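Work from the hints to combine the two standalone chains into their complex.
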Amino acid sequence: MAEWFVAKASDMSDGDRRIVGAGPHEIGVFCTGGTYHAYSNYCLHSGGPACEGLLINQVVDIIAPDRTYQGQTFSDELHFVCPWHGYEYDMKTGECVGDRRLKLRKFDVVRRGDDIYVVA
Amino acid sequence: MDMPREEVRKLSFEEYSHAKHLEHASRQAHERNYQDFLIVDVDSHHYENESYKEVFQYIESPVIRRAALESSKRPGRSSMMNSQVGYQDVGGRITRRTLRKYHKESGDQHRDVTMTLEWMDAMGVDYACLFPTPMLFLGLHPQVEVEVAMCQAYNRWLCERILAVEPRLISMLYLPFNDPEASHRIVKEFGGKKGVTGFMVTSPRYKPVHDNAYVKTYALLEEMGQPIAFHAAYNWNDQSLSMTNRFISVHALGFMWFNMIHMTNWVINGLPERFPKLKVIWIESGLTWAYSLMQRLDHSYMMRTSDCPSLRRKPSEYMREMYYSSQPMEKPDDLSILEATFKMIKAETQLVWSSDYPHWDFDLPSAIYDLPFLNEKAKRNILGGNAARLFGLDTKVMKKMP
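Same order as they appear, the protein sequences are chains A and B.
Take 1 as the starting number for the first sequence in my numbering and just add one per residue.
Take 1001 as the starting number for the second sequence in my numbering and just add one per residue.
This is chain B alone, in the form it adopts within the complex (with noise of 0.2 Å):
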């Protein structure tokens, strides 16, 4: 970037472009010489719902398929995927999401993979695992045979469009967790497959982890060395969060509600003593709940070991061999209170980078990079060196730096 600069500029709310949008990422980049720097993006999203007609066309249930598609001529009503309440651009404040239809692509790549790279060189990320966004709300659909038959549709579709064209892009593919048997299938089909590196669970559900329907799922995972992740997000008409009347609040909650129960489930039910060598991440959920919910199962286990016979160790032992994305991450005024929480967790070896962009809160790099207590190692271990042994990346840099 040419700094310092001499020019006038004049805002065009007409006009988008992630580069131009995240040109102050780009000096920030720069400034702290990224290109150096293996740099994987952990929870990244993209808009699967603006591909709706291609992917509806890899449905395989004629009837479903047809359902869809017809849906899909209406939108805003009568459609056949369910959402959630949620103004999550506060009202037009955040602007990305309503600008990027001016965006302009050039050359035959599809958008989603134009797009993603733009704004990946532009951060100065080398790989970027990506996720669906109105789909993280799929497991709340009523009709379990929708989400397994859109569940196949766009796994297939990924992985054909964009994971196979492009090397920089991965995924850790959607479960449909509301069907055990369908999960399985999933992870023996796609398992593999070019820029698979995991399978993802959305955790807005209401399925026990523990169930034992999903131990031949699990055991195949870790056979398999293919991590699973839970990937958090909120449901506005569960019973408690119901009762939350702002956007702020079902987010804040709910997005850590959901991983708490799933965590809770996994480690008081000894799926780490059935699965030791199953590799778990945690997605989306920030940080302070890992470090609060240490504590307070540790604090009751040991007075209550007879509930959660499978355990040998203390749940937080556990959690502290799973893995977490940083986003979002909360930054106290007091960084020790972060200092301690990166100890809590084992962040130098567990903790993984994530932008979740382009959503509202997402996170650069330099929310790492910027951290003081953390030495050059650890940064970076938690920017992409972490990530890169979890999915088993080459560790050349790939990006290309505006």
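The following block holds chain A by itself, in its conformation from the complex (with noise of 0.2 Å):
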């Protein structure tokens, strides 16, 4: 395992993410509420660019008490989403959304003064 430089600290605002290439490896860097995710950058389904496409919060119905449907919203659970076909992935734990049984593989972040490092 190697650390790889990502980026200084101060370069990433949230929401912003690089794309590194490590060794035999791609990998996908977000910094998003205060912490960094890193994630394989190809997606479960056909290797598509996971990490490349938008940042959107879960969709989910508003089901009310008496079990009837009252409309859509966001929840606060970050996806983010394959451009290539629209496979989502949590952004917390790389679970595929539409069946959390498929994991992104996930990669440590480490911090070093100013400097990001991904672990692969």
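Hints listed in this document are in silico derivations from the structure and should not be mistaken for laboratory results.
Note that this is a predicted model, so its numbers are computed, not measured.
One or more hints might be untrue.
What the hints assert, rightly or not - So, partial list: chain A residues that the calculated Cβ filter (under 10 Å) puts toward chain B:
1) 5
2) 6
3) 17
4) 18
5) 19
6) 43
7) 47
8) 51
9) 53
10) 78
11) 93
12) 96
Claimed, not checked - With a Cα cut of at most 20 Å, we get these calculated EDC-like pairs of lysine to aspartate or glutamate:
13) B:1010 to A:16
14) A:106 to B:1339
15) A:106 to A:3
16) B:1010 to A:3
For each residue, glycine too, the CB sits at the ideal point set by N, CA and C.
Laid out in structure tokens, this is it:
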């Protein structure tokens, strides 16, 4: 395992990301909510650039206590979306939202001073 | 491609190229040695509406031409062309349709040629059969004469501006099926033109394929050796489909629904017996519909042969002689189910790979190449060999992979 430089922390604001070529790996490193998340950039569906698409919150149905449908809204759960076909992944876990048994490979991120590294 | 590599990329959402968007597809192409594979894409698309100003100039009727040109000055309202509700980009999550406005062309080729060749090379595709996008709904236009006028204009534009200049681009041309006489004229006018490999009926429409009015067109196509294709799409205003409330629902059902009806009418009315040499292709309905319909029709046929006395064999036996494009290929977790589907439709000779690129649910060649139950010969047939035989294409590999 080696540490691969990602960016200066001061260069990544909330919502920023970098795509890091790290030997045989291609890794998406996200800066969201004051933390860093790093996942394989290969979508589990057909190999698309999973980390290069839209960041968007989860859509949920609003079901009233009487079980009637009352519309839709966004939840607090942040997703990133593969731009090839729309596969959505949970930012916190890398789980594929459509089938949470499937997960993108997760990588550790370390900070040394102002430098951000991904471990791969 | 250079692998492994060491670099850090920022993302820019204000630039776009198919080559960059499909970089991972290019890696797949190199890893699987597609340079050694003939790959024919039987169903891909361009956005002909981006060229409407050119296309409209080809409309023969001065009145319809003026109406079209005037309506194009007011995009989004009072259009002469019909459309459908449909958020195919999943609320902006699939980005290429939006970002293509940032694509920069170089050279003096038509934008459609440049962009199409770019994604073809990125995926490892040698030939692409190009179809329109909004015009897939033209069969639902309330004015039949507009369908005919647009069909003729589009076909002429496509032949002159696109197919004539690029040998890797082919098409099965739009048939104005709501006007049987005009359909016959279109086949006579365009059959044999450079790059024309057949004719295509957009499936969402309400004319039964077994109407006697079409017989002379089928006979002409059979005589010319030109295939007829039925390209699926949906109609959210269809009485049944209008009960669905999400795009996923109308898409999943609609893209099968019209082809299931046309196929049923085609077989039950004995058209395969009347036109035994006419090649028929079913496009963009996936594969499960055929697997299901074969069993369904066979089951009823054995009890109701008097309903379809022209048939000499079971419906599935005729269906197994037709061609099916692969996308969107349903991929169950249990691949033995897919393997059974391939067996049912005789995939090794009847299945033709298609991408549907750049639409939202496109497939790569790896959808076929990576299937563990296919041998090398079957992969080569499905990815390109079957289509090359169907269309009479040169089997020389033409792509220039990046």
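Going back to the hint list, which numbers does this structure go against?
10, 11, 12 and 14
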